[in-house]
Amino acid sequence: MKTILVLTDFSIKADHAAHYALKLAQKIQANLLLCNVYPQPAIVTASTHTFWNGNESETFEQDSLNDLAELANRLNKQLDKTCNDEFKPVVDFCSMAGPLTAAINYIVASRQILFAVIATHSSDDFMAFLNGNHANEIIENANCPVLVLPYQLSFNGFNKIVFATDLAHKGTDVLHSLYHITKYFDSEVLVTHVGMVKLAKVTEDYITRRFLCQEIGVSQYPKIQYRSVKNKSITAGLQWLAEHDDIDLLVLVHHKRNLIQKIFEPSVTKKLANKFAKPMLIFPSSYERGSVPIL
1 MKTILVLTDF
11 SIKADHAAHY
21 ALKLAQKIQA
31 NLLLCNVYPQ
41 PAIVTASTHT
51 FWNGNESETF
61 EQDSLNDLAE
71 LANRLNKQLD
81 KTCNDEFKPV
91 VDFCSMAGPL
101 TAAINYIVAS
111 RQILFAVIAT
121 HSSDDFMAFL
131 NGNHANEIIE
141 NANCPVLVLP
151 YQLSFNGFNK
161 IVFATDLAHK
171 GTDVLHSLYH
181 ITKYFDSEVL
191 VTHVGMVKLA
201 KVTEDYITRR
211 FLCQEIGVSQ
221 YPKIQYRSVK
231 NKSITAGLQW
241 LAEHDDIDLL
251 VLVHHKRNLI
261 QKIFEPSVTK
271 KLANKFAKPM
281 LIFPSSYERG
291 SVPIL
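In our numbering, the protein residues as written are 1 to 295.
None of these hints come from the bench; they were simulated from the model.
Glycine included, every Cβ here is placed at the ideal spot set by N, Cα and C.
Possibly wrong hints are sitting among the right ones.
[Unchecked claim] Label pairs and their in silico Cβ distance ranges:
hint : residue 1 : residue 2 : range
1    : ARG74     : ARG227    : 38 to 46 angstroms
2    : HIS180    : PRO39     : 33 to 41 angstroms
3    : GLY157    : SER11     : 20 to 28 angstroms
4    : ARG227    : GLU58     : 51 to 59 angstroms
5    : GLY98     : ALA277    : 24 to 32 angstroms
6    : GLU243    : GLU58     : 18 to 26 angstroms
7    : LYS77     : LYS232    : 48 to 56 angstroms
8    : GLY195    : TYR106    : 21 to 29 angstroms
[Claimed, not checked] Quick list of in silico lysine-lysine cross-link-like pairs, DSS-like style, CA-CA up to 27 angstroms:
hint : residue 1 : residue 2
9    : LYS223    : LYS278
10   : LYS2      : LYS278
11   : LYS160    : LYS23
12   : LYS81     : LYS23
13   : LYS88     : LYS27
14   : LYS27     : LYS77
15   : LYS278    : LYS23
16   : LYS160    : LYS77
17   : LYS88     : LYS230
18   : LYS27     : LYS2
19   : LYS232    : LYS27
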């Protein structure tokens, strides 16, 4: 059964993300898998022998399972309030020792995971400062799409989806996945490119024919359009679009960068994930149709 993986650290923001994911799961008829990744047990060295502190590991795991069970119980109570004819997801949970992305990718490889759901943590969030930015780590290394949710955002469906592309990445497999999402919401998909110069109409028409018609067959996607945004900053351009257009979901492809690029060229995806006011669905650059289950 197709499943949404909900990653939680039991913070109030993660709790909100879990409730959002529950409503989304009802709409797209998927189950939920709640997951908490707790710290690996400490290594204790005595003389020439090294061993794991088993008691600490058992404590972490039991606390994690107890909190997961409590969260699952609250979500199931929320489901009890819905109409009988509505789809009711099965809410399961698991607890695993870190490292974080290794645990996530193990689950992705062993379950039919559509995408992972995480909550954003602002730069002034004290706990995020202490624990590191796990959102960035997940976006960089997860082998599945990641849905990043701002805090306190209500679930209202995805009527308008913006797919931001650099036009170099064909995006065919991503668009096919989006098509399967649009079926549940009757969504409009706006393929968007942010650049220094606003493209001429003749160029936009060419891109529409090449990118939409030749790549995927526009007849299969009656509600797909192309729009260019002029801005020297991709981040600022997408922020502007979100403020001036009523979009419900921003979709991007995250391209991994080498060390030099990481130092001098901050990731657009990661910058947006820290402050964007709309949900973001981020696909790994290695994503191919069939490599991750499609809705």
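Quick rundown of the hints versus the structure:
ARG74 and ARG227 have their C-beta atoms about 41 angstroms apart, which keeps the hinted 38 to 46 angstroms range intact. A hinted range of 33 to 41 angstroms holds for the C-beta pair HIS180 and PRO39, which are about 37 angstroms apart. With their beta carbons about 25 angstroms apart, GLY157 and SER11 fall inside the hinted range of 20 to 28 angstroms. Under the hint 51 to 59 angstroms, the C-beta atoms of ARG227 and GLU58, about 54 angstroms apart, fit the expected range.
Our hint of 24 to 32 angstroms for GLY98 and ALA277 holds, since their Cβ atoms are close to 30 angstroms apart. In this structure, GLU243 and GLU58 break the distance hint of 18 to 26 angstroms, their C-beta atoms being roughly 49 angstroms apart. In this structure the hint that LYS77 and LYS232 lie 48 to 56 angstroms apart at CB holds, the actual value being about 49 angstroms. A beta carbon spacing of about 39 angstroms between GLY195 and TYR106 contradicts the range 21 to 29 angstroms that was offered as a hint.
Taking the CA atoms of LYS223 and LYS278, the gap is near 21 angstroms; set against the 27 angstroms cutoff, the hint holds. Pair hint LYS2 plus LYS278 holds up; C-alpha atoms about 24 angstroms apart against a cutoff of 27 angstroms. Between LYS160 and LYS23, the direct Cα distance comes to roughly 18 angstroms. Compliance with the 27 angstroms bound is thereby established for this hinted pair. At roughly 12 angstroms between alpha-carbon atoms, LYS81 and LYS23 fall within 27 angstroms of each other, so this suggested pair holds.
Note on LYS88 and LYS27: the hinted pairing holds, with a Cα-Cα distance of about 9 angstroms set against a maximum of 27 angstroms. The hinted pair formed by LYS27 and LYS77 meets the criterion: a straight-line CA distance of about 17 angstroms does not exceed 27 angstroms. For the given pair, LYS278 sits about 16 angstroms from LYS23 by alpha-carbon distance, which is consistent with the 27 angstroms threshold. The straight-line distance between the Cα atoms of LYS160 and LYS77 is roughly 30 angstroms, outside the 27 angstroms bound, and the hint therefore fails.
With a CA separation close to 44 angstroms, the supplied pair LYS88 and LYS230 exceeds the 27 angstroms bound. Between LYS27 and LYS2, the direct Cα distance comes to roughly 13 angstroms. Compliance with the 27 angstroms bound is thereby established for this hinted pair. Between LYS232 and LYS27, the direct Cα distance comes to roughly 38 angstroms. Violation of the 27 angstroms bound is thereby established for this hinted pair.
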